[in-house]
Amino acid sequence: MAADGVSKVLIWSARDEVSWQLARLLEQRGARPEIVRTASEWGGRSPDLLFLDLDLERDGTEVRAAREAFGLACEIVALVDNHSFEQLLPALAAGVGDYLFLPLNPEEVGLRWERHASGRGGTRARRGGLHEDLSLEFASRPDLLQAVISEVVEACERLAFSGPRATLNLRVALGEALANAVLYGNRQDPEKCVRVQAELRPGEVVVTVTDEGEGFDPSRVADPTLPENLRRSHGRGLFLLRSLADDVRFNEVGNAVTLVLRG
Amino acid sequence: MNIRRQALKETAGMSFSIRDDGEITIVNVDGELIVGNRQELKANVLDRLERGDRKFLIDFSESSYIDSSGLGVLVSLSKKIREAGGALRLAGLNEDLRTLFELTKLDTLFQIADTRAAALADF
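Chains as they are written, first to last, in the numbering used here: chain U, 1 to 263; chain P, 264 to 386.
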């Protein structure tokens, strides 16, 4: 891989197994990453691309330090797992432009390297303000839902559209899709993941939520606004989702739903 | 970002407060009423109902978001309070929350006041 846009790659993690696995995967694609365990080992390095393990991170402190030391030209990719997930939002706010989930998926690492090496990485795409893909995977825990929703809504406000279409329609419709995936699709099994893929462009968001469940038949869900159903305590999620999104599509199995919202 | 982190924690609890105004039990919802904390609200209100409280006001002035499971809990509480001979009023819904009640036609099921004072006067 000819790294036209990226030549110096630094991996910053106190976890040797993470560093070495990532380094090996990057080397397979032609990169020559260096590894540091602490900030004191930065020396005079000036990487174009920094992989930062969020296991080190506290409220964006390390990201800001790296941003200050390496400048805006350095792309920062966070390495995040379920344990450090709560650090992702502060890290994104502090200047992380992209992230990879642990354990590392070789294909994902390859895709990210291709993007960053060709200058199409996270913050670079954002600076262009034209288009961005978000890919997110999280364990089936209800307490993680709001962080995921906030992440997508904030990206929507930055890249696609803002106002009530973002803070009400997208927020609620996505929230219902995610809650369905966690509660009914994966039945809150923390071993099962929910995957969120969002394409954001000016005026439009397309987001797909996929769970690992057996799926369901959306045509068999009753209308909760009919008088006979109004006093039922369940069954409003799908209705809200359909009411608030411009287009809703399920896959054949019924374990993936795609929402389209326009500003 | 600290605010957001706190909001995330609140999904696990600590997002309601209850106080008495005469014979009326006032529940304040701070933040969100969602799948992560709806059971806490339900348990608190049902506990008060068992102890003899009959008039309930749930105030959403400090709340910005209710999901379908939160709406479901309100429907369930409304039914239980009514069966016990009590009354439930809602107040302080912002424009977005009102939209959700109207979409689901729950605005026809609940007595909703613009403000806490109006709801208190209505009991």
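Read the hints as simulated data drawn from the structure, not as lab findings. Computed from a prediction, not measured in an experiment: that's the story for all the values here. Each hint should be verified, as a subset may be incorrect.
[As the list claims (entries may be wrong)] Restraint ranges, calculated between C-beta atoms of paired labels, are given here: (1) U:Phe250 x P:Arg361: 26 to 32 Å; (2) P:Asp385 x U:Ala93: 42 to 48 Å; (3) P:Asp370 x U:Asp55: 20 to 26 Å.
[Claimed, not checked] Covered by chain P, according to a simulated footprint, are these stretches of chain U (three or more residues, beta-carbon under 8 Å): (4) 11-24; (5) 166-178; (6) 221-234.
[Said to hold, decoys possible] Not everything, but these chain U residues come out facing chain P in the computed CB check (under 7 Å): (7) Gly237; (8) Leu240; (9) Ser243.
Glycine is no exception: its CB is placed at the ideal position from the N, C-alpha and C atoms.
Inset, instruction - Hints the structure violates: just list their numbers, smallest first. - result: 3, 4
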